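Colleague: Protein chains in written order, with numbering that gives the first Met the number 0: chain A, 0 to 171; chain B, 0 to 539; chain C, 0 to 428.
It is worth saying that the hints were derived from the structure and are not from the lab. Predicted model only: the values in this text are computed from it and were never measured. All C-beta atoms, glycine included, are put in the ideal place defined by N, C-alpha and C. Hints may be right or wrong, so weigh each one.
As the list claims (entries may be wrong) - Below, in silico cross-link-like pairs of lysine-lysine (BS3-like), each with a Cα-Cα straight-line distance of 30 Å or less:
hint: 1; chain 1: B; residue 1: Lys-60; chain 2: C; residue 2: Lys-378
hint: 2; chain 1: C; residue 1: Lys-189; chain 2: B; residue 2: Lys-57
hint: 3; chain 1: C; residue 1: Lys-46; chain 2: C; residue 2: Lys-22
hint: 4; chain 1: C; residue 1: Lys-4; chain 2: C; residue 2: Lys-22
hint: 5; chain 1: A; residue 1: Lys-23; chain 2: A; residue 2: Lys-87
hint: 6; chain 1: B; residue 1: Lys-57; chain 2: C; residue 2: Lys-305
hint: 7; chain 1: A; residue 1: Lys-87; chain 2: C; residue 2: Lys-305
hint: 8; chain 1: B; residue 1: Lys-118; chain 2: C; residue 2: Lys-189
hint: 9; chain 1: C; residue 1: Lys-378; chain 2: C; residue 2: Lys-290
hint: 10; chain 1: B; residue 1: Lys-2; chain 2: B; residue 2: Lys-57
hint: 11; chain 1: C; residue 1: Lys-189; chain 2: B; residue 2: Lys-24
hint: 12; chain 1: C; residue 1: Lys-127; chain 2: A; residue 2: Lys-23
hint: 13; chain 1: A; residue 1: Lys-23; chain 2: C; residue 2: Lys-155
hint: 14; chain 1: C; residue 1: Lys-127; chain 2: B; residue 2: Lys-60
hint: 15; chain 1: B; residue 1: Lys-118; chain 2: C; residue 2: Lys-378
hint: 16; chain 1: C; residue 1: Lys-127; chain 2: C; residue 2: Lys-182
Claimed, not checked - Residues on chain C that point at chain B, a partial pick, calculated with CB under 10 Å:
hint: 17; residue: Arg-130
hint: 18; residue: Gly-143
hint: 19; residue: Asn-379
Stated by the list, open to error - Where chain C lies over chain A, by a calculated footprint (3+ residues, C-beta under 8 Å):
hint: 20; region: 77-86
hint: 21; region: 132-141
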Amino acid sequence: MSATAEQTASPAELAVATLPDSAKAEIAEIRKRYPTAQAALLPALHIAQRNFDGWLAEPVIAAVAAELDLPVSTVYGVVTFYDLYHLKPVGRHRIRVCNNLSCQLRGAEEILEAMREELGVGEDEVTDDGRCSYIHFECLGSCDTAPMMMVDDDYHENLTPTSAREIVRGLK
Amino acid sequence: MPKVTINDRTVEVEPGTNLVEAAAKVGVQVPHYCYHPRLSIVGQCRMCMVEVEMNGRKMPKLQAGCSTPVADGMVVRTDTPEVHEAQKGMMEFLLINHPLDCPICDQAGECGLQDYSFKHGVAYSRFEFEDKRTYPGRERIPLGANVLLNMNRCIQCTRCVRFTQEIAGTSEIGFFNRGSHAEIGVFPGRELNNPLATCVVDVCPVGALTSTRFRFAERVFNLDKKPSICTGCDAGCNITIEHRRGKIRRYKPRTNPEVNDFWMCDDGRASWEKYRDRPRLTSPRVKDRATTWKEALDAVYSRVRSRSAEGATAILGSGQLTTEEAYLFGQLANQIGTPHRSVAVDPFPERRIPNPQGGVIGREAAPNRRGAELAGLAERAGAFTADELLNGDAASRCATLVVTDGDFGAAAWDEAAVARLREASFLIVFSWADSPLTRAADIALPIATHAEKDGSFVNSQHRAQRFRAAFPAPGQVRGGVEVLSDLLARFDSEWAGLSPAAVFDRMAGEVPELIGLTFGALPPTGLELPQVFAAAGAEG
Amino acid sequence: MAFEKTLTQNVGNPDALTVAGYKKNGGYTALEAALKMEPEAITQAVKDSGLRGRGGAGFPAGLKWSFIPKIDKPKYLVCNADESEPGTFKDRLLMEYDPHQLIEGCAICCRAVGANTTYIYIRGEYTKAARILEDAIREAYQAGILGDSVMGSGWKLDMYVHMGAGAYICGEETGMLESLEGKRGQPRVKPPFPAVVGAFGCPTVINNVETLCNVPHILNRGAAWFKAIGTDERNTGPKLYAVSGHVERPGTYELPIGVSFDELLEVCGGMYQGGTLKAFIPGGASAPILKASESHLKMDFDTLAKAGSMLGSAAVIVMDETTCMVRAAARLAKFFAHESCGQCTPCREGTNWMELILHRIEAGHGHPNDADLLYSVSKNVGGNSLCALGDAAIGPVRSLVEKFRDEIEQHIRERACPVPHRRYFAAAA
Numbered sequence: 000m001s002a003t004a005e006q007t008a009s010p011a012e013l014a015v016a017t018l019p020d021s022a023k024a025e026i027a028e029i030r031k032r033y034p035t036a037q038a039a040l041l042p043a044l045h046i047a048q049r050n051f052d053g054w055l056a057e058p059v060i061a062a063v064a065a066e067l068d069l070p071v072s073t074v075y076g077v078v079t080f081y082d083l084y085h086l087k088p089v090g091r092h093r094i095r096v097c098n099n100l101s102c103q104l105r106g107a108e109e110i111l112e113a114m115r116e117e118l119g120v121g122e123d124e125v126t127d128d129g130r131c132s133y134i135h136f137e138c139l140g141s142c143d144t145a146p147m148m149m150v151d152d153d154y155h156e157n158l159t160p161t162s163a164r165e166i167v168r169g170l171k
Numbered sequence: 000m001p002k003v004t005i006n007d008r009t010v011e012v013e014p015g016t017n018l019v020e021a022a023a024k025v026g027v028q029v030p031h032y033c034y035h036p037r038l039s040i041v042g043q044c045r046m047c048m049v050e051v052e053m054n055g056r057k058m059p060k061l062q063a064g065c066s067t068p069v070a071d072g073m074v075v076r077t078d079t080p081e082v083h084e085a086q087k088g089m090m091e092f093l094l095i096n097h098p099l100d101c102p103i104c105d106q107a108g109e110c111g112l113q114d115y116s117f118k119h120g121v122a123y124s125r126f127e128f129e130d131k132r133t134y135p136g137r138e139r140i141p142l143g144a145n146v147l148l149n150m151n152r153c154i155q156c157t158r159c160v161r162f163t164q165e166i167a168g169t170s171e172i173g174f175f176n177r178g179s180h181a182e183i184g185v186f187p188g189r190e191l192n193n194p195l196a197t198c199v200v201d202v203c204p205v206g207a208l209t210s211t212r213f214r215f216a217e218r219v220f221n222l223d224k225k226p227s228i229c230t231g232c233d234a235g236c237n238i239t240i241e242h243r244r245g246k247i248r249r250y251k252p253r254t255n256p257e258v259n260d261f262w263m264c265d266d267g268r269a270s271w272e273k274y275r276d277r278p279r280l281t282s283p284r285v286k287d288r289a290t291t292w293k294e295a296l297d298a299v300y301s302r303v304r305s306r307s308a309e310g311a312t313a314i315l316g317s318g319q320l321t322t323e324e325a326y327l328f329g330q331l332a333n334q335i336g337t338p339h340r341s342v343a344v345d346p347f348p349e350r351r352i353p354n355p356q357g358g359v360i361g362r363e364a365a366p367n368r369r370g371a372e373l374a375g376l377a378e379r380a381g382a383f384t385a386d387e388l389l390n391g392d393a394a395s396r397c398a399t400l401v402v403t404d405g406d407f408g409a410a411a412w413d414e415a416a417v418a419r420l421r422e423a424s425f426l427i428v429f430s431w432a433d434s435p436l437t438r439a440a441d442i443a444l445p446i447a448t449h450a451e452k453d454g455s456f457v458n459s460q461h462r463a464q465r466f467r468a469a470f471p472a473p474g475q476v477r478g479g480v481e482v483l484s485d486l487l488a489r490f491d492s493e494w495a496g497l498s499p500a501a502v503f504d505r506m507a508g509e510v511p512e513l514i515g516l517t518f519g520a521l522p523p524t525g526l527e528l529p530q531v532f533a534a535a536g537a538e539g
Numbered sequence: 000m001a002f003e004k005t006l007t008q009n010v011g012n013p014d015a016l017t018v019a020g021y022k023k024n025g026g027y028t029a030l031e032a033a034l035k036m037e038p039e040a041i042t043q044a045v046k047d048s049g050l051r052g053r054g055g056a057g058f059p060a061g062l063k064w065s066f067i068p069k070i071d072k073p074k075y076l077v078c079n080a081d082e083s084e085p086g087t088f089k090d091r092l093l094m095e096y097d098p099h100q101l102i103e104g105c106a107i108c109c110r111a112v113g114a115n116t117t118y119i120y121i122r123g124e125y126t127k128a129a130r131i132l133e134d135a136i137r138e139a140y141q142a143g144i145l146g147d148s149v150m151g152s153g154w155k156l157d158m159y160v161h162m163g164a165g166a167y168i169c170g171e172e173t174g175m176l177e178s179l180e181g182k183r184g185q186p187r188v189k190p191p192f193p194a195v196v197g198a199f200g201c202p203t204v205i206n207n208v209e210t211l212c213n214v215p216h217i218l219n220r221g222a223a224w225f226k227a228i229g230t231d232e233r234n235t236g237p238k239l240y241a242v243s244g245h246v247e248r249p250g251t252y253e254l255p256i257g258v259s260f261d262e263l264l265e266v267c268g269g270m271y272q273g274g275t276l277k278a279f280i281p282g283g284a285s286a287p288i289l290k291a292s293e294s295h296l297k298m299d300f301d302t303l304a305k306a307g308s309m310l311g312s313a314a315v316i317v318m319d320e321t322t323c324m325v326r327a328a329a330r331l332a333k334f335f336a337h338e339s340c341g342q343c344t345p346c347r348e349g350t351n352w353m354e355l356i357l358h359r360i361e362a363g364h365g366h367p368n369d370a371d372l373l374y375s376v377s378k379n380v381g382g383n384s385l386c387a388l389g390d391a392a393i394g395p396v397r398s399l400v401e402k403f404r405d406e407i408e409q410h411i412r413e414r415a416c417p418v419p420h421r422r423y424f425a426a427a428a
């Protein structure tokens with residue numbers, strides 16, 4: 000019955016982050032909208048992500064699971080399902096360049112090239128100063144103003160490579 | 000009840016029955032991976048596609064059999080070219096990224112992918128890309144102490160996920176990521192360590208989840224499989240003993256919806272390992288000298304037949320005895336004329352094996368305390384109790400102490416406890432193991448393990464369950480019933496030559512709970528016994 | 000093309016963001032009327048109008064409402080504002096410019112089916128629309144339009160905005176319900192259908208934003224008015240067409256359902272920079288691609304279905320002769336592979352496989368039988384997947400093989416993409 004070497008590594012106690020009281024209060028308020036606690040999970044993860052530099056470290060995921068009394072594997076399954084939750088650090092500003100067909104038909108690739116040159120990092124990487132990270136993204140529902148990109152919560156439309164660079168340079 | 004016609008055979012089934020189950024009722028196997036009768040229906044693998052016609056109109060698409068409930072008048076076909084085409088297509092999808100590592104995969108021989116690709120697949124791959132999808136570093140992930148994950152082999156059926164959520168209630172395993180990156184796993188830092196953990200290996204239709212204990216122990220196609228009962232506790236889980244030439248390799252749960260359903264606990268699965276790890280008593284011994292059965296039994300007989308002035312004769316029973324053995328030990332006590340009889344059982348951390356009625360509970364570390372008691376070993380008022388023998392000074396007041404099982408519990412392996420029992424003037428031990436207790440005995444008798452003999456147990460639900468020998472006992476080892484039959488025949492020849500079945504049938508004429516039963520007629524799923532003596536004392 | 004706008008009448012009118020401003024144009028009169036009607040009569044009016052779902056499937060809205068059982072259980076309306084079908088941006092317009100129109104439509108629907116709660120499930124990227132909706136809902140509560148006694152009727156209605164988190168599959172109605180319940184957005188097996196077992200195990204109506212926005216107008220102007228617009232009995236009412244790609248003036252156009260593609264193109268100012276039409280997708284990424292020779296087709300549910308495509312969300316993506324069709328299809332295949340939820344075998348494995356084959360062809364590494372292989376793989380995905388995403392994913396792929404096989408073969412033969420990748424912008428200085 001002896002355990003083999005590969006199974007003995009007993010993991011340390013699971014680290015759990017502390018959610019700020021304001022986040023807890025926000026979650027509690029949203030919780031009231033639904034007949035189940037789990038229904039508040041997506042909003043709660045959005046709130047947690049806002050409170051922890053835009054991404055969800057494992058201890059933060061564990062904290063949300065504890066807050067809503069859900070199995071952490073369930074919460075992790077949800078986090079990894081959705082594109083807007085991030086499992087690794089992101090820039091202070093997150094740039095999503097739409098390059099689905101409608102944007103591709105109006106030059107989205109050139110906007111992505113401009114981002115690559117302007118920021119000097121690859122997709123999903125953070126600039127050295129922590130200011131920005133960018134990724135190509137699926138359709139953002141602004142096809143009539145293609146090409147476009149989303150910077151944090153804001154849409155920037157009818158872009159040219161030049162205007163896109165200017166927008167990025169203006170980010171603090 | 001709705002009537003449904005499947006491949007021209009009509010059957011009446013309960014409303015709500017799905018088409019996979021309905022087809023099984025007429026002997027039609029619909030291939031499936033994600034469907035499991037005890038797990039929620041997710042319709043994910045798409046292997047069980049069937050053609051459905053309702054009111055003379057064929058549904059435009061094939062339907063997943065698992066997620067389609069029967070309706071009255073439904074006509075189902077599982078053998079059309081379209082169905083075969085779909086099954087072939089699903090097999091191809093499941094295999095394009097599957098590694099070709101069957102030669103080193105523990106699942107080979109009982110693998111759903113192997114079986115169905117043989118029946119429904121094609122022999123070549125159209126997936127001509129350099130690299131299959133792999134999960135680097137996820138080929139050998141221990142999910143917990145007893146289960147290993149090889150993600151490359153996973154077909155994302157999520158049975159394991161649903162098992163931990165819906166049956167174990169522990170939710171350790173989750174479904175992560177999306178699309179072709181979807182995978183199963185535990186949250187970083189968490190472990191799959193619930194008492195039923197290894198059931199996920201059973202429900203896994205492929206080699207993604209394998210048992211750490213069974214890893215590389217044996218090719219499954221070399222195993223002989225025999226139905227039996229787990230002796231780990233008094234839940235009485237139905238199992239299959241899987242062995243090669245008398246060497247047990249693993250226990251697998253055997254479906255019995257009344258008892259353990261499809262499941263068993265990890266402790267139970269490990270309970271055979273004592274047969275591997277502990278020394279075996281292989282020949283009768285009198286005063287540390289190996290001898291013949293005749294000489295040994297003669298010695299037992301001469302010791303117990305006459306009352307001695309040195310003190311009492313006591314029989315310390317065990318919850319490991321079969322009911323038939325316990326009955327014969329009871330008869331031995333009657334022949335001797337001693338009231339001192341008892342059943343020693345260790346407690347066991349309580350566990351519940353889920354079944355459709357809620358579950359069966361195990362609380363004792365032996366399978367048959369109840370059977371031993373109803374067969375005649377229940378403690379009697381004023382007589383020595385097992386506790387007095389094990390923890391008090393009762394043994395020192397015994398002229399002869401008969402211990403019916405040299406592995407009745409932890410005490411048999413504990414020097415202090417053995418020393419207390421050894422206080423008896425004469426110690427006789429029946430045992431499969433060569434334990435400190437047998438080594439201390441004046442006479443030690445090698446008895447078959449439950450895997451080597453026929454018999455019955457009565458579990459915590461008062462259900463009598465029968466089992467047969469999975470393989471013969473080695474060397475001079477004999478079944479307890481045969482040995483006791485020989486011994487009792489020395490008192491009275493009517494006891495000669497009894498088999499366990501004959502003992503059961505005889506016992507059924509005397510023991511109120513068993514009246515009217517025969518060994519041969521015990522149903523395969525066992526039979527709940529009436530509790531004639533609701534025996535408050537015995538139930539303690 | 001002169002057509003009186005109803006759904007988009009408030010676009011460009013910032014006043015409409017407030018209750019007072021919305022009321023100025025007749026807002027909330029339909030709800031007021033509905034509160035005095037029998038619920039069945041509301042449903043009947045919607046049935047009579049012939050309104051079909053504007054989200055993609057085109058299911059008759061009134062019929063859907065009538066499936067809600069009259070049982071003693073909470074009932075829900077979930078408004079599908081998860082507009083994620085590539086090419087589609089009409090619902091965002093409706094929410095950003097006329098939130099009260101949607102609130103009113105939701106309220107009327109709830110009244111008809113006996114629901115007391117609406118969740119507006121909006122995709123997580125639509126933060127601006129969500130903010131506008133939340134502000135409008137807050138004001139509607141303050142004005143007594145929502146809450147414990149809707150417009151003083153004593154009837155209670157709550158309405159919440161629920162933000163998604165980035166997953167196309169949550170636009171599938173049962174994927175949406177799972178997501179609303181805080182789970183992975185994996186579509187459910189049916190039956191049971193949401194009308195019986197929907198959100199939180201209760202009867203639930205799921206309607207698209209545009210569908211619900213039509214409802215107040217149907218009550219105000221009558222089913223006959225609605226029915227008079229469109230191709231025929233089965234294709235009625237005004238429709239928002241979201242046009243993008245190679246046209247001069249991309250945008251959302253409100254037109255009678257059944258306008259032909261040629262007419263639509265004209266409204267959009269013709270082809271981008273005077274190019275030549277090569278192909279168009281009439282109903283979002285899921286809709287099979289149509290060739291230039293099919294541009295006369297009426298853009299309604301049945302005509303497009305007969306032509307082997309679909310109206311879908313009426314997101315029209317227009318492509319001129321500079322477009323490589325393999326590249327376009329590969330981009331859409333990548334989208335579906337990325338968005339497959341991963342639970343069912345054919346979609347999880349098949350969408351990825353199709354993407355790999357298309358990228359191989361586009362990169363000049365295609366195998367001689369790749370067109371047939373693509374078709375065969377698509378056949379195994381289509382009809383076998385758990386939800387409609389599998390069928391959606393094969394739309395562009397199969398139509399590529401059926402209609403542009405030459406272009407595939409040319410890629411394979413020449414071992415390179417024969418269409419120069421167009422640059423849209425002059426090199427930066």
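Colleague: Against each hint, give a clear statement of whether it holds in the structure.
Modeller: Comparing the hints with the structure gives:
{"no.": "1", "hint": "B:Lys-60 to C:Lys-378", "verdict": "holds (12 Å)"}
{"no.": "2", "hint": "C:Lys-189 to B:Lys-57", "verdict": "holds (18 Å)"}
{"no.": "3", "hint": "C:Lys-46 to C:Lys-22", "verdict": "holds (26 Å)"}
{"no.": "4", "hint": "C:Lys-4 to C:Lys-22", "verdict": "holds (17 Å)"}
{"no.": "5", "hint": "A:Lys-23 to A:Lys-87", "verdict": "holds (23 Å)"}
{"no.": "6", "hint": "B:Lys-57 to C:Lys-305", "verdict": "holds (21 Å)"}
{"no.": "7", "hint": "A:Lys-87 to C:Lys-305", "verdict": "violated (48 Å)"}
{"no.": "8", "hint": "B:Lys-118 to C:Lys-189", "verdict": "holds (28 Å)"}
{"no.": "9", "hint": "C:Lys-378 to C:Lys-290", "verdict": "holds (21 Å)"}
{"no.": "10", "hint": "B:Lys-2 to B:Lys-57", "verdict": "holds (17 Å)"}
{"no.": "11", "hint": "C:Lys-189 to B:Lys-24", "verdict": "holds (23 Å)"}
{"no.": "12", "hint": "C:Lys-127 to A:Lys-23", "verdict": "holds (24 Å)"}
{"no.": "13", "hint": "A:Lys-23 to C:Lys-155", "verdict": "holds (28 Å)"}
{"no.": "14", "hint": "C:Lys-127 to B:Lys-60", "verdict": "violated (41 Å)"}
{"no.": "15", "hint": "B:Lys-118 to C:Lys-378", "verdict": "holds (21 Å)"}
{"no.": "16", "hint": "C:Lys-127 to C:Lys-182", "verdict": "holds (24 Å)"}
{"no.": "17", "hint": "Arg-130", "verdict": "violated (27 Å)"}
{"no.": "18", "hint": "Gly-143", "verdict": "violated (43 Å)"}
{"no.": "19", "hint": "Asn-379", "verdict": "holds (3 Å)"}
{"no.": "20", "hint": "77-86", "verdict": "holds (count 6)"}
{"no.": "21", "hint": "132-141", "verdict": "holds (count 5)"}
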